[in-house]
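**Student:** Fit chain B to the supplied structure of chain A, relying on the hints for placement.
Residue numbers (my numbering), protein chains in the order written: chain A, 2 to 301; chain B, 490 to 764.
It is worth saying that the hints were derived from the structure and are not from the lab. Every value quoted in this text rests on a predicted model; they were computed, and no experiment measured them. Honestly, I wouldn't trust all of these hints.
Far from chain B by the CB rule (all over 10 Å, computed), these chain A residues [unchecked claim]:
#1 56
#2 74
#3 75
#4 81
#5 82
#6 209
Not the full set, but computed from the structure, chain B residues with beta-carbon under 7 Å of chain A [what the hints assert, rightly or not]:
#7 517
#8 601
#9 608
#10 611
#11 615
#12 631
#13 695
#14 729
#15 743
In silico lysine-lysine, DSS-like type, Cα no more than 25 Å apart, as pairs [what the hints assert, rightly or not]:
#16 B/710 with B/605
#17 B/551 with B/710
#18 A/262 with B/605
#19 B/538 with B/551
#20 A/262 with B/710
#21 A/262 with A/48
Glycine residues also receive a C-beta, built at the ideal position from the N, C-alpha and C atoms.
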Amino acid sequence: MPPRRRPSSTAFNEQAFAYLLLAPAFLLAIAVVGYPIVNTIVTAFSKTNAVGQLAGPAGLANFHTIFTDPVFVQALWRTALWTFWVVGLTTVISMVLALILYEDLRGRRVFQLILLIPWATSVTMTTVAWMWTINGQVGLISNTLQVWGWIPEPLGFLARGPSAMVVAIAIGIVVSIPFTTSVLVSGLHSIPDEILEAGLLDGARGWMRFRYLIMPMLGPFLTITLVINLINVFNSFPIIWTLTQGGPAHGTEVVVTYLYKTAFRFNEFGQAAAMSLITFVILLVLSIAFSIQTMRTRLS
Amino acid sequence: MRNPVVKTLAYAFLTLTSVVILVPYLIMLITSLKTRQEVFAFPPPWIPKSFYLGNFVDLFTKVEFGQAMLNSLIAVGAATILTLLIATPAAYAIARLRFRGRNWIVAIFLVTQMFKPVVIIVGMFQVMVFYHLLDNLLSVILAYATFNLAFSIWMLSSYFQTIPPAIEEAAWIDGASRWTAIRTIFVPMARPGMVVAFLFSFVAGWNDLVLALSFLRSSSKFTATLDIFSLVSGRYVVEWQLVMAAVLMATVPVVIMFGFVQRYFVEGFTAGAVR
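Just chain A, with the same shape it has in the complex (with noise of 0.2 Å):
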């Protein structure tokens, strides 16, 4: 059959039928996503009353309110010091563990299998079997210590904000790791072994294979980690709000715990939207920052 020229109906149909393959997806997205990115935008510049329906303009009120409120600009910092701790260990340690799991060492499946745990439990009960794995009155290992006299007091990390803010941060690495170790080792198992092999040959060892071979290879799957785990520790909810709320004295408020707790407790939905709107732009300009970064490093 020789080779027909579409007719330029049959491109026609095709943008057509595209935009029909589109449209359920494009709809419920602006019903349920853009709507109310919206009504957020309009809510940050307005005045909310007491059941968070609007109540007139007021400018750039909210915006003040918020960076005038001490405990909104610390838990500024403390959601930065927070995703850097987070997701800089988790890198570090998943990249460790991948490179052992690349290895054929033997009990690689189990660790794998191992793995799996904590990713397949929701995070929140996750932070539930830390909470009592750690508690203090009843829990079986401060107890257990307190029995041995290797600590005088009962286990007391959620009592202080900083203590309670190191537990997140373990807890924040341990749900992060199984997706990142298994990222990374996949991207290990997709270069080519022809590069290691005649890397060898050449001497690079050690460091060296790393440094030069490795690392310029699993460049895009680093990059893939680093974005998503960014996004997500940024705007991670479940393990501090199921921890501390905050709490105790605003010791462990990030950002989204704070909006949350300004928008349902406080019922001030004017300021936790623009709160809202912060976090956009900080996560915008993190993003274009990063696209930027990684095109340069494709160009180069």
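**Tutor:** Quick look at chain B alone, frame taken from chain A:
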């Protein structure tokens, strides 16, 4: 890895990580098999005396955790099916068809990926009030489905691009309509990608706390995650033996399901990275 020192260090690192991951689950198992008296005894025994199974009975009779599990199954299941039904055609269009505004649409979907539910929770709440969907499982179903769309479309379309168009075109030449070709050739070949989209949607819904917490009010509507949260949060006395039994019961089936499909999971996640 021939160097014995490096090998020992590697095993030490794996063991340490495994212990950190597994200890809470071990304590969970021990606690769920204890009676209330044993849990609150001092010093608490590490090995339960009676291997008491009553907590698992109490989950259904006392705290109605069965209802919460069912709600999760309905909410997450319906959202996942909805995601696949809507994302698959959209991904097909992006992967295969030429149309005006294609790049814009891809960009818009990628931007929505940055919005996590908690960031626009104020707007989401107002919209659910407007739709009269508060305290209705439909609210979380719609929200989960929509928040899964961007990733699913992106993931599926990069997967679809790996399927050679020639196979489909051969079917057209044999007289199949575009639709028949999609149904009989494309969808079966795209199954691994769809499994990943399914799993991703499942995990996202399963992990959600903030949407359920904001939209669902009566405890008969709670999802499993929200129910466990409510059994712990802000309580003076937590019935840990019940909570741990609940977490165990909610987690084990998912772990088993994950074990079966793990291979697909990583494949799909990385389809976009390498192409």
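**Student:** Within a Cα-Cα threshold of 25 Å, do residue 710 of chain B and residue 605 of chain B meet the stated pairing?
**Tutor:** OK: residue 710 of chain B and residue 605 of chain B at ~23 Å, within 25 Å.
**Student:** With chain A as the partner, please determine if residue 695 of chain B meets the hint condition of a C-beta pair closer than 7 Å.
**Tutor:** Holds - the Cβ of residue 695 of chain B comes within 7 Å of chain A, reaching about 5 Å at its closest.
**Student:** Verify that the Cβ of residue 81 of chain A lies farther than 10 Å from every Cβ atom of chain B, and report whether the claim holds or is violated.
**Tutor:** 16 Å, holds
**Student:** Tell me if residue 601 of chain B is really an interface residue toward chain A, meaning its C-beta lies closer than 7 Å to one of theirs.
**Tutor:** 6 Å, holds
**Student:** Is the hint on residue 615 of chain B kept, meaning its closest Cβ partner in chain A is under 7 Å away?
**Tutor:** 5 Å, holds
**Student:** Measuring from the C-beta of residue 611 of chain B to each C-beta in chain A, is the shortest one below 7 Å?
**Tutor:** 5 Å, holds
**Student:** Decide if the proposed pair is consistent with the structure: residue 262 of chain A and residue 48 of chain A, CA atoms, cutoff 25 Å inclusive.
**Tutor:** Answer holds: residue 262 of chain A to residue 48 of chain A is near 18 Å, not above 25 Å.
**Student:** Does residue 608 of chain B pass the interface check with chain A, least Cβ-Cβ distance below 7 Å?
**Tutor:** Because about 5 Å separates residue 608 of chain B from the closest Cβ in chain A, which is inside the 7 Å limit, the hint holds.
**Student:** Regarding the assertion that residue 74 of chain A does not contact chain B, is the least Cβ-Cβ distance greater than 10 Å?
**Tutor:** 18 Å, holds
**Student:** Residue 82 of chain A clear of chain B by more than 10 Å, beta carbon to beta carbon?
**Tutor:** 19 Å, holds
**Student:** Classify the label on residue 56 of chain A as holds or violated, using whether its beta-carbon is more than 10 Å from each beta-carbon of chain B.
**Tutor:** 13 Å, holds
**Student:** Is the interface hint satisfied for residue 743 of chain B? The criterion is a beta-carbon contact with chain A at less than 7 Å.
**Tutor:** 4 Å, holds
Of the numbered hints listed earlier, not one is contradicted by the structure.
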